[in-house]
Structure formats: structure tokens, C-alpha cells
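Colleague: Residue numbers (the UniProt record's numbering), protein chains in the order written: chain B, 1 to 334; chain P, 1 to 334; chain L, 1 to 334; chain V, 1 to 334.
These aren't lab readings, by the way, just hints derived from the structure by calculation. Some clues are possibly wrong.
Which copy is meant is left open, because identical chains are indistinguishable; a pair holds if it fits in one copy or across any two.
[As the list claims (entries may be wrong)] Dumping the calculated EDC-like pairs for lysine to aspartate or glutamate here, alpha-carbon to alpha-carbon at most 20 Å:
| no. | residue 1 | residue 2 |
| --- | --- | --- |
| 1 | Lys110 | Glu217 |
| 2 | Lys44 | Asp112 |
| 3 | Lys158 | Asp58 |
| 4 | Lys198 | Glu292 |
| 5 | Lys82 | Glu253 |
Residue strings, one per chain:
4 protein chains.
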Amino acid sequence: MGGVSINAGIVGGAGYTGGELIRLLLNHPQVQLSFVHSNSQAGKPVHAVHTDLLGDTDLYFTDTLDQDVDVLFLCVGHGAAKTFMAEQQLPVSIKIIDLSQDFRWNESSKSDAVSAYDRVFVYGLPELQRQAIVKAENIANPGCFATAIQLALLPLAKQNLLAAEIHVSGITGSTGAGQSLSPTSHYSWRSGNLSNYKVLSHQHLHEIRRTLQGLQEQALPDINFVPYRGPFTRGILCTSYTRFYQTLEQAQELYTTYYASHPFVHISTDTPDLKQVVNTNKCILHLQKEGEYLVITSIIDNLLKGASGQAVQNMNLLFGMPEQLGLQLKATSF
Amino acid sequence: MGGVSINAGIVGGAGYTGGELIRLLLNHPQVQLSFVHSNSQAGKPVHAVHTDLLGDTDLYFTDTLDQDVDVLFLCVGHGAAKTFMAEQQLPVSIKIIDLSQDFRWNESSKSDAVSAYDRVFVYGLPELQRQAIVKAENIANPGCFATAIQLALLPLAKQNLLAAEIHVSGITGSTGAGQSLSPTSHYSWRSGNLSNYKVLSHQHLHEIRRTLQGLQEQALPDINFVPYRGPFTRGILCTSYTRFYQTLEQAQELYTTYYASHPFVHISTDTPDLKQVVNTNKCILHLQKEGEYLVITSIIDNLLKGASGQAVQNMNLLFGMPEQLGLQLKATSF
Amino acid sequence: MGGVSINAGIVGGAGYTGGELIRLLLNHPQVQLSFVHSNSQAGKPVHAVHTDLLGDTDLYFTDTLDQDVDVLFLCVGHGAAKTFMAEQQLPVSIKIIDLSQDFRWNESSKSDAVSAYDRVFVYGLPELQRQAIVKAENIANPGCFATAIQLALLPLAKQNLLAAEIHVSGITGSTGAGQSLSPTSHYSWRSGNLSNYKVLSHQHLHEIRRTLQGLQEQALPDINFVPYRGPFTRGILCTSYTRFYQTLEQAQELYTTYYASHPFVHISTDTPDLKQVVNTNKCILHLQKEGEYLVITSIIDNLLKGASGQAVQNMNLLFGMPEQLGLQLKATSF
Amino acid sequence: MGGVSINAGIVGGAGYTGGELIRLLLNHPQVQLSFVHSNSQAGKPVHAVHTDLLGDTDLYFTDTLDQDVDVLFLCVGHGAAKTFMAEQQLPVSIKIIDLSQDFRWNESSKSDAVSAYDRVFVYGLPELQRQAIVKAENIANPGCFATAIQLALLPLAKQNLLAAEIHVSGITGSTGAGQSLSPTSHYSWRSGNLSNYKVLSHQHLHEIRRTLQGLQEQALPDINFVPYRGPFTRGILCTSYTRFYQTLEQAQELYTTYYASHPFVHISTDTPDLKQVVNTNKCILHLQKEGEYLVITSIIDNLLKGASGQAVQNMNLLFGMPEQLGLQLKATSF
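In isolation and in its complexed conformation, chain B is listed as follows (with noise of 0.2 Å):
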């Protein structure tokens, strides 16, 4: 591989999922990362923010957007993606990889795909539509929720098996809830604490029943989903089942095969825990059946395949290079 090819822009780069996209892209070796915008620390070094990064980089958060880029990765939040691309005038040639929610497909989409501001979006899920991804223009990153119910789902639903309503239950990290100051967010209060909040709400079960039933023929169950607070930072685990009436091993060869060429998706014949893949861009699967149900356990780090690492996958699938590229990362493990 030769040098630097592609130059990549941040707009939002002082919160969390800027951070990792910082801390990739830097380490990625064919990008250049030539600007990170923030309207909040603009002037400021970067590793005044992401303090991490003394040593790394003398990059300054600026407040100017510079057009003179390939790639322009937004992580500004849920609705001010929406702004942001209405505000400003952007070439279509610069390929956008938003990480809200704004462009992401939802139940109600008509097509496969999300028109808004001249511009296509693709539901950035490579273990879904990698083939789909390469040819896009623009993607739209999905959820950290999202992205580690559908990996648990998707053979089942390739093949049609997503008969019998289903429950999931998960546990995220602190840091899927960004940056702000707020009571759950308190270190005092959050440290030995739990709690449960959108029970059967939350608002990421719109992606995931728009990618299951696009996959199979019949009307897709109900999707049942608790998802908890946990008191860590980093990291999603989920616990999916459903009726499903094959056996284990046929569980397994249907799994196995669905993600054969897929490179961070591993499936694991122990219970897995969630520091397996906290500071990685995996997903570890792992199945189990009991009675007529299978179990199926999903565990991801939120920040990066559940965001900024799926955003560089993505990148890496847009412009050609190899999947994995800039994504072999050394697991934090403790």
C-alpha cells in the first residue's frame, strides 16, 4: 500500500465519538485527518480536549469548515446533523459518514435508502449491505444499541426465522451517553448503580425492524427490548432469544456461514464477557439453546463498533481499502 490517499474532515470533534474518530484516524495509515471542527473548543489544541492525545497530534479544533477534503464525518448529535447539512453548502463530492441518527433508515422508510439534501444515504451496517456501502456515496452510521441487536439477528432473519416475538435485554456504558453533565451521569451517582430506561421504547428499535424485515419475507415480530444503564463506560452487551426450532448446531452452521467473510464479527463457543472486545472494532456472538428458545449473546464497544470504529470500517469500505484497515486494535482486556 502506498501513502496517504484520502484527507478526512470531523465536524463535532470534542465529544466522545470525535474523540475515537480522532484517535483512529490518526493511527490510520492512509488518511490524513485535516481538520477537526468544533463550535464549543475551537482554538484550543485537540489534546486540550481529548487529553489522551499529548504527544500525538498539534492539530487545533477550528471553527472553519475547509472544503479540501474526501471524507466528512459528522458527530454532532441527533438533529444538529440535520442543521448542519442544511446550513451548509457541502460538494457532493465529499462523501459524508454521519454518525446520528438523522439519515438513518427507520420503519416508515419507503426505499432502502435516505434521500435528504441532495444527497443518498446508506445504512452503514457492513454485515448487512457491505456490497451497498461500497458503491455509496454518503452513509448513515447506525446505533450502538442497534448494531449489536442486529448483529445477534441477522442470520435469522437472512433466513427467515424470525417467527416467534422476541426479547432482548442489554447493558450499556456510560459513554453511549455522551459527554453532558447530568444527574446519571454523576460519578457518585452512577458508580455501583443500575437502572432500566426506555423499557420497551427505545427509539433505536426503528433501525433494527427495518433492517430485519427487510431481510425476510414474513411480518417481523414483535421486538421486546430492556435496555439498562450499567455502571461502566465502555461496551454494550445484549441477550436476544426467540423461538427457534433447530438445533444448536444448526444454530452454529447458520452463523457461522452468515458471517464467514464478515472479519470483526467472531463467534464464540463460551459465554463471552463484555472486556473481550471493549477497545476493539469486534462483535462477538455467542449461542446457546434452551428448550425451544435460542439465546443469542452480542457483545460490541460502543464507541467503536457500535460508532466511530463502524464509521472507519465504513470509510475503509467506501474508498476501497481493506475493511480492517486502521481498525486492529489492541484490546484494552482489563
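Please build the complex by placing chains P, L and V on the supplied structure of chain B, with the hints as guidance.
Modeller: Showing chains P, L and V alone in chain B's frame:
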């Protein structure tokens, strides 16, 4: 109230539930803690093992049983309680409160109480059968997850309303697994980590099903339970849901009525978080209606309402003392 | 002991120390908590803010002061206590226990007690001057680090043995910084994290120096204090060392004698760990001799012995009640 | 840079430092990891023990030594490295990098390097003696606390400025104690807990004193070190202070100059926090002047710059590769 009226002994006092019992009984205004038995720690001061008790007690662990007590708590672990009862010739005048699962009822129990070693053990969930406990001679103290889940479902079973499949997810702290060292109890592993275990096959389902089936006439539906190990030390939070064709207000009325006379159960109109009950004997319940589902969140401290606190509550009832005596504990809160 | 004898009020009851006071006073056998004042939360139930109190109290926060109390606790933060006293015309018959630093003595204090607003505030460290507290009318409650460090050094100062430079490092939990939201209180930042702050310049050194200099005749040497923020919620652990030319046994004798009549201070022969005192009003000390140095480890719960617990201890003394009344708390242990 | 040029083996690969080495070497562009030796885990897949490596390697632990390697890392623990070297007849062409303390210099070392088993071990602190390492054949990798404290003091020793007593406090995460199970490694104990240990007597003082005395001409003053166990998994933060009669600017100039050519050491003008370096090979230093004292804060990841990362840094130097190769790691940040 007058002076000390009860002499108590603890067998297996070096473990987590034993330690909690000692903490409770030392502060209980009507109990004299006569001895703490431990095979492994005999001869050591109690505060050498339960180091927070420095200055609170001069008791030493002993390996001989003093039979001059009114009540004996068994904190010896599953299986060991039976062995202990088989080996000892305890006069029936000593009431036994066993914290293991050895004498709890389960789905195949023919009658309401478990008979063993010339004794009858009553299942000690006061919010289910306080009157039976008041008249009992021996108690089988419920399991921790079993307590949290039963308290979430009792009012529905009472009204014959458990008609459709029940789904429960629950997360427990590390003290639930006791003090033995294992890879999943290592700090480096568990800190910031999560895993599920015994998915859809947790052993507490037996006592839960027995209780609920005993309350309602129609056949009990399946209960699907996904337990998690969480990165915290104390507490259990469970989310249960099942189809319920009445309104939220009706559900609240039903629960409020059911628990009106039970001092440790509180219905919260706000979503609860685990630390509301940590270091207390409370159970807080929260009700929510989502579509056809009634969602019940229940939280307890696994070592108190889920073990030693409930054991003291049972002792209070057995001996005609106020149910809350010695159990109005300051929450840790943080 | 008879019925309720004291009426108490709390100003600034919505914060951390205010919450702890409420928890303590609700369970105190000789106190009636008359009102809890809070400008920010007036009108809300107390349990809406201190959610662990659900079921324990029907009090509402109020924004009017009821002057019909025997004692008023000020939990309003540094600076605000002075403002409050200046603005209110409180009868001197109401005893004030202030938890801020506003009325604590410091190195430049001319006399033993601080006079302000027609009142005299006695520095409320019972292990230093219980007799002065018993006779006091108003109390300035010591700081948390100040309590841990003073209890480590009092016996040496008393014997005129603080001759050489003193070195202290100490680590505090997040509740020490109160409930206001800040970047260093964010869970994502603080979990698993550490930092030092105010190195060699912590404000508590003023009251510490004043206390120690007041005890010993010779000039007090420098005290170098390195404070840390640790990833936990409750507790302070300090390690102090200074040259000491006697034996360990002599040191132990000296400390044991000094604290013989003080029920909350315990000398441990084993190295202590922080959780021995969490959720209690204890201070545990440990002594060690290394070369010429005497090393003193001291641990307290910053919200109890370091704040609200000590305030109740002072109240007990002010009103002639047993020093430990309402303060024999179950440790959290885990 | 061309293809793979070095074959590496690891002995003791099932522990924490062994696992980190595997993670690093699998991603190192110039290394082929030939084998991972483990007596306890031989025959199992490497990812069965280091479960985050699922999908990254098909290696199995082996109990036979393959001598066809260029470098062998010993991760076998203190004492065991000597035993291993005594029992094996390894050709001297295999360079040894030992992570234990067995071949580190200490205060009583007569010469600069430690000779044993026909080999000469050079103390592998690149920021002290990179040129000696480049020419070395075997490396004794420094201890974790030793690295953090030496990096804090090297520039002062170099300038002969360590004249007055040095005071250090430092806090380490749980991985510093390895994976063996012990009461202080139990999650229920360590979560939210703190303790000091080996106060003023930590074994790393030997190598620290040897290094510093080797640099400066005048006699080294006493170093007083208070180590703590903290409730987190990775990282070390140390605060060191000693009298320094120049200005802060002069100190900064001195440190900046000393570390100008050392890519992993960064001087921060802001107070650092531990997570800036977690999962990286960096050391961040911060300087502060308080009265006569210069205060130096130093942070490292104990498993990387404090162990396996430094071992790879040493390997890079031994084999003439760029010092940072394979060590530009994404920080965990949260």
C-alpha cells in the same frame, strides 16, 4: 420494650451472609449474639475476618456449638445445611433459620412446608405468608433473585393475572456469588465487565414457580429469566414483564393494596435505581405500562432483603417482635 | 431514655451532607427532624431528591425557616454559611452546627473560638476538645481531610512530638466534591481514574495547623499534603509520616491512651482498608515504624466522621446525650 | 520497511504481562510470534485464556521450547526467571528480555550490568540508557513503579539536583498484582476500596536508587515511598517531591531537554489524570513548584510502559527497529 430477650447463634459466620447477620444482630435491640461458629476461622476474633466490626464486638469464632440459644442461623451454603442438620442433634426448641436452598420449597414440593430431620421448614417470604411464618418453628429463607422476582409478581399471581409468558432480566452484584475466589470474582476481570449466566435455567426459578403457582389457580405460564453478573458489589435489579390487560392505574392499585401492610416494600412512581436500596432491607417496585405489557422493576440488596436482612425479618416474626426491629438501616446512597 | 427531646432543622438539605444528616436524624432516637430547608428543591418531597428515603419520611423541602428548633444544621457550602447568618435573625437560643469552613478556626485565629454574628463557634472535633464542645453553643464542624489528618496526629502533638517535617498523602472519594456536576465528576471520566489536586496547598491545612499548634508547645513543623481524587464514592484514607524516635510499642501506648475514652476511634494492629469504615462514623488508625519514621494510616467516611456523622456527634455532646446515640451504623462492608 | 524480520517467543504467556505481550506482538509489523509457552495452559488455544484474542490468532500454548527464535521474553515471575535460565540451555544467540526483577540491577550491584548464566543483562530503561540497550544482548526490564518514579526523577539526577530527601506516593491498579487469586484481588473487597502496603519499604526502591545514584555524583538522599492499591485495573500515578531551588521554568526546561529525543515521554502543562495513558506506552509528566518543593506527577500504564510495552520498546532497540514500532496504541480514554 424491655431488655435482651433472645439468644442467637450463627453457624457459618465467616462468609458474606454470616457477616451481614453479625452486623445486624449486634445492633438488634432484642438480641444477644451468643456465638458465631466457623470451622475455617475458629479461634480468631470476629473482627479479624469482618474487619469493619473492629471496636464493635469482642466475640471470637468458635468451632463448638452452644445449644443454649433460641434461634440458630445457618449460613453454610447449599448442601452443607442438610449435612449440618444430619450430623447435629439439635433440640427442636432451637428454631432454625436456614439461608441455603436446602429446605426451600420447589415446584415438586407436595405440601406447603418442607419436612426434614424432624422439623418443618416454612418458606420465609413475609410478604407472601407472614401468618405462616409467625406460627412457624423453622424457616427456609428465600434466595436473593427469588425474592426480587417474587415481590415483583406476587400481586399479579394473587389476582390470578399471570396468564401469559413472563420475561425477566436481572443483574446481581458480586457478593451474590460469595467470597470464594474464582476467575469471575477477580477484580481485574470483573471491574467494568459484564456477563450473563444460567440463561433461562437459573435454579431460583424452582422456588419462584412454586410460590406463584401456589397463589394462583390457573396454570402458571413459563418464566424466562436472564441473569447477569454486573460490576458492582451489592444489589439486584430485575425487570419483569408480562401481558396485562388492565390500566397502569389498576396495576398500581393492585400493588399498593397488596403491599399496604408490608413495611419493607415501597411502590415508586419514579424509575428506581439500585442504590436506593443498597444497605437497606427494602424492596422498591416500579410499575409501567407499555402496550399490552406491564413492566415491573424491582430492586433489593441481595445481602439484606435477599438474605440476612430477610432472615432477621423472619426472626422478628418468629419471636413476636416488630417486623422492622433492628432493620431500619441507613442506606449507603452512594 | 425517654421520648423525643430535641427539634432539629437543616438548611441546605438537598446536597450530599444534607442528605446524610437527614438519614441520620430520621433514625436518631432523641431527635425530631422538624424541617429541611432548600432553596432549590422547596416544595418537593425529601424522598424525591434523596430517593433512598422513599418510605422513610413524608417531609417536604421548604423555603421558609421554622425558628422553633433547638438546633439548626447548616449544610450550605463554603461562604454561603456566612451569608445565611448575616441575612437571618436567628435567636441565639437556636444552636448552630455549621458544616462549612466559614466558622472554623485557622492558623491566624487569635483565640480558641471564632466569633461572628453575636455567636461563638467552637471547633467541633470531639477527640480534641470534647469538654469545650459540651459547653459550646455553636459548632464549626471540621473538614473531612482535616478530620482524618488531625486524628492521625493529635496524640503526637499532645506529647510535643511533632518535631520534624510531616508528610501526608490522602485519597478521597467523589462525594467529597459534592453533587455539582463538573468534568471531574463525570462517571466516564472518573471511573478507573485518578488525579492529584491542590498538591501541598490544600485549604484544610489551615485548620489542621491551628489544631496541632494549639496542642504542642514547640513550633509546628511543615506539613506537606498530597491529596488525590480516587475512583470511589465514599471515604478518605490518609498516610502520614514523621520522624519519631521512640519504639512502635511506645507509639501504640501513646495512641491507645489518647483515644481510650473516644468511642469512634479504633487502633488496628492490621493494615486497614477503606471499606472498614464506609457508612460508619468510625476512624480507624494504624501505626507502623519504618526506620526513623512513624507511619500513621487513618481512614474515615468523608460524609460521616468527615461531615454529617461528626455533626450529629457534636449535637449529641451539645445536648448532653450519649456521644454514640444514633451513630452505631451498619457498615456497608462491600 | 520490509516484511517480517524477527521471530519471537514468550515464556509464561498465560499471565497478565504475557497476554499484553501477545497482544502487542500480534500487531507488530516486524515480528512473527513463533510460540507462547505456558506450563499451566499448554494445549489450549491462546484465545481460551486471553479471550479478547478470539479471531486474532490460532496459536496454542505449548510446553516445549522452540529455540529457533531471535528473542525470548520471560514473563514467569520473580525468582522463576532465574530457575528457568538455570534449567534451560539456551543458545546465546537468542536474546532474552526478562520482565521479572531477577536480573535487574540494584543498589548493591558492583557494575552497570548484571551477569548470570553466561549472559549480561542490561537494565532496560530506554530513557536512561538507550545506547547501552541498543548494544545489549539481554535485557532486564524495569519494574512498573520503578519506571514511573525513575522517569519522574531522571532529569534531576542527571543534573546532580537530588540533594534533599525525596517523598513519593503512588497508586497502582489491580493488574499490577497479577492474576493470582487472593483476598485483596477479590472484586467484592477491592471495588471502591483502598489500602497502602509496603510503606517506605517497597522492593522497587533498590533499582530506583541504583539508577539515580548511577547518574548523579553526590550521595543520593533518602527516598520515602508510600504505595497504594487502588480500585481500578490499569495504571500507576505517582507524585514525587523534593527541594529544588530553581524556578518552575528552569525545571520545565530541564525536563523538556532531557526527554526531547524520547518519544514516549511527554511533559504536560496541565495536571494529568491516569486515563490519559491507559492502554498506551506513554509516560506523562507534570511539574509544579510549591514553595521550595518541585512536585513531579508521573503516570504510566503498568502493563505497557511499566512492563510489556517497555519490553517491546527494548526489543525494537535491540534489533535496530524504530523505537515506536508497534507501540502507537489507541488509548482507552474512558
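Colleague: State for each hint whether it applies.
Modeller: Evaluation of the provided hints:
1. Lys110 - Glu217: within (16 Å within a copy, 48 Å between copies)
2. Lys44 - Asp112: neither (41 Å within a copy, 45 Å between copies)
3. Lys158 - Asp58: neither (47 Å within a copy, 29 Å between copies)
4. Lys198 - Glu292: Cα proximity of Lys198 and Glu292: across copies only (16 Å, versus 28 Å in one copy).
5. Lys82 - Glu253: neither (42 Å within a copy, 45 Å between copies)
Comparing the model with each numbered hint stated earlier shows that hints 2, 3, 5 do not hold.
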